[in-house]
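Line by line, the protein sequences give chains U and F. Sequential numbering of the first sequence, starting at 1, is according to the numbering used here. Sequential numbering of the second sequence, starting at 1001, is according to the numbering used here.
Everything labelled a hint here was simulated from the structure, so no lab data went into it. Note that the coordinates shown come from a computational prediction; the quantities given were computed from them, not determined experimentally. Backbone N, C-alpha and C fix where the C-beta goes; we use that ideal spot for every residue, glycine too. A couple of the hints might just be wrong.
Claimed, not checked - Pairs of lysine-lysine, BS3-like flavour, derived with a Cα cap of 30 Å: (1) F:Lys-1293 with U:Lys-61; (2) F:Lys-1171 with F:Lys-1371; (3) F:Lys-1199 with U:Lys-56; (4) U:Lys-65 with F:Lys-1262; (5) U:Lys-61 with F:Lys-1199; (6) F:Lys-1199 with U:Lys-65.
Unchecked claim - Where chain F lies over chain U, by a calculated footprint (3+ residues, C-beta under 8 Å): (7) 4 to 11; (8) 20 to 29; (9) 60 to 73; (10) 120 to 129; (11) 169 to 179; (12) 186 to 197; (13) 201 to 209.
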Amino acid sequence: MRREIPLIITFVCGITMIVQFFIPHEPFGSMKSYFQQSYMIIAAFAMILGICNLTKLHVNKIRYKRPHWGYSIVLLAGLAGMTIPGLFVGAIKEGGIFDFLFKNVHVPMQSTMFSLLAFFVASASYRAFRARTLDAALLLVAGFIVMLGRAPIGDAMTSFLPEGGQMSDVANWIMAVPNTAGQRAIMMGAGLGVVATSLRVILGIERSYLGGD
Amino acid sequence: MTRRPHRFLRRAVLSLALPMLLFVLLVATGHAQSSAFDRPPAPVTNVALKDAPDDAGGAITISWTLSPDDAGGAMDVIGYDVRRSTSPDGPFQTVKSVPRGSSEAADETDLDSDVNYFYRVVVKDAKGEAPSVVAGPVQAKVQWFNLGRLNTLIATIIYITLLLYFIFHAKKGKKLFIRRLAGLDALDEAVGRATEMGKPILYVPGISQISDVATIASINILSGVARTVAEYNTRVIVPNYDPIVMTVAQEVVREGFLAAGKPDAYDEHDVFYVTTNQFAFVAAVDGIMVREKPATNLFIGMFFAESLILAETGASTGAIQIAGTDAVAQIPFFIAACDYTLIGEELYAASAYLSRAPLLLGSLKGQDWMKICLIGCIAVGVVTLLFGIESFRDFFETPLMIFRQ
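Full structure from sequences and hints, please.
Dropping the structure here:
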């Protein structure tokens, strides 16, 4: 029964969601919002579970002096430093301690992490654009044209060419035709995969998510 | 001598009459203009009411012909108020306001199904307003079927039929050919490498919720990876972005170790929650990669802007990296920074590919056949449209039109 009950719940919920997609009449019409609300409630309680898991993990790390346990102190201090003001000292209102920490510590750190992306784009491009194979060479040429086409210098270099043949026009064509075609092909394949996976889960053929066959 | 006074009189009359005539004309024109701006706008006509189709009875569509002072005339209309009542005598309450130039509005405000409603559209300008005649009654009907999704239903039925056919076909023991997926073939090699190096494997199941099918596909792959890892006596680290995904991942990894006959090797501290903040999660996972130096990194599931930061950090540590996602915008980043990438549908095929279970493989075959059907339809559609034949394209709209009529 440990396996059958989750499978039955999955089947009933899956079929209900398919039916409500096509039938707006009650009771199916409000099923989607009912399931979404239920999910939100479960997610809220799961958050408590997550925080407990995080705290337990790092408290144990500090207690048993596991490698890099010093970082765990920083993590727990950060957790307490944001949670206590948020819950007890002035809550999340503007001008409070939580608001100050959020705007002056959290947001700048988040922006710093996001800014790293620019450097990683450069290093990844360097690796991807080494024209060792035909595919990489094609990628290099396409990337070169698109980058030039997006900057004023691209059109300036090709200003002698007629309208429609300038760098920005070629860049737009690459983005609108081969690029869009490739993206759509991937999306259609993924869409079919999503339906097939969903059906396998609903019919109980796919049970890996329950922890085994 | 006698003609002089006549000429003088005529000139005097003309010189007085002309300015007077001009004055009268100016006054008359001015009056006409000012009266067009002073009076309320002309009301709208042809108010038509229609129950909104394919819904649960919560909307009515109201359309009308624009006020003559909107499209032309005084051109001073500000907008229109749609007013509703349950009686033709009122009182009418405004349920929707739309700007000038609008000739249609949808009322979705607290409508009960199967109740008679009456509407009037009121046109407004700076000087006043003018209501239309009362239109109605109309009822918001609850529909039993969303006809707008009929084509989706037909395609879904065809697809499910194909899938079920191949699943039952596979059940009979028929051998099915599945093309090789390099990324999944490399999994064993990657786990073996980690074992030889005595280092852990990092598995990131994406940064989405369990309701995302890509996350479910990732969890399915994690199940197979956990079993292999347990067989090789290696450690797998699974940091999680979502607490619900964490609980599922914990269960899946535990079961994987159990299935491999090594339940004691499972360490619950290796599958843990980090944070639901995107870049804080990235910082934590990057930290794990730099400190623990995993031999293999697996990024499988739904990823967003953090994909390249994760993959590049992993590449800098020298780990073998296998990624898999259906997030189209992130695929190029993974291809550039990882050794192997499962693209789109390969992510959903991975579980079947790894387990080799006939029922799962059967569904892959059905997926391929549906893809062939789609490619065929697209090819025929392109060719027929190139030759100016629109009937093939219209064929896909035909069922909808027939049922609507």
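message: Closer than 8 Å Cβ to Cβ for three or more residues is the test here. Does the region 120 to 129 of chain U pass it with chain F?
response: Since 7 is at least three, the answer is holds.
- request: Take the C-alpha atoms of U:Lys-65 and F:Lys-1262, compute the straight-line distance between them, and say whether it is at most 30 Å.
  value: It holds: about 27 Å lies between the C-alpha atoms, which stays within 30 Å.
30 Å Cα cutoff - pair F:Lys-1199, U:Lys-65: holds (20 Å)
- prompt: Are there at least three residues in the region 60 to 73 of chain U whose beta carbon sits under 8 Å from a beta carbon of chain F?
  reply: Holds: 4 residues of the region 60 to 73 of chain U have a Cβ under 8 Å from chain F.
query: Are there three or more residues in the region 4 to 11 of chain U whose C-beta lies closer than 8 Å to some C-beta of chain F?
result: It is violated, with 0 qualifying residues against the three required.
message: So if I understand the rule, the pair passes when the alpha-carbon distance is 30 Å or less; does F:Lys-1293 with U:Lys-61 pass?
response: Distance of about 18 Å is within 30 Å: holds.
task: Please count how many residues of the region 201 to 209 of chain U have a CB within 8 Å of a CB from chain F and say whether that reaches 3.
output: It holds, with 5 qualifying residues against the three required.
message: Does F:Lys-1371 sit within 30 Å of F:Lys-1171, going by the straight-line distance between their CA atoms?
response: Roughly 22 Å separates the two Cα atoms, so the pair holds.
message: Three residues or more, CB to CB closer than 8 Å: is that satisfied between the region 186 to 197 of chain U and chain F?
response: holds (count 11)
- request: Mind checking the alpha carbons of F:Lys-1199 and U:Lys-56 for me, to see if they're no more than 30 Å apart?
  value: Given that 30 Å is the threshold and the Cα spacing comes to 24 Å, the pair holds.
query: Counting residues of the region 20 to 29 of chain U with a beta carbon closer than 8 Å to any beta carbon of chain F, are there 3 or more?
result: holds (count 7)
query: Under the criterion that the straight-line Cα-Cα distance not exceed 30 Å, is the pair U:Lys-61, F:Lys-1199 satisfied?
result: holds (19 Å)
Violated hints for the displayed structure, listed by number in ascending order: 7 and 11.
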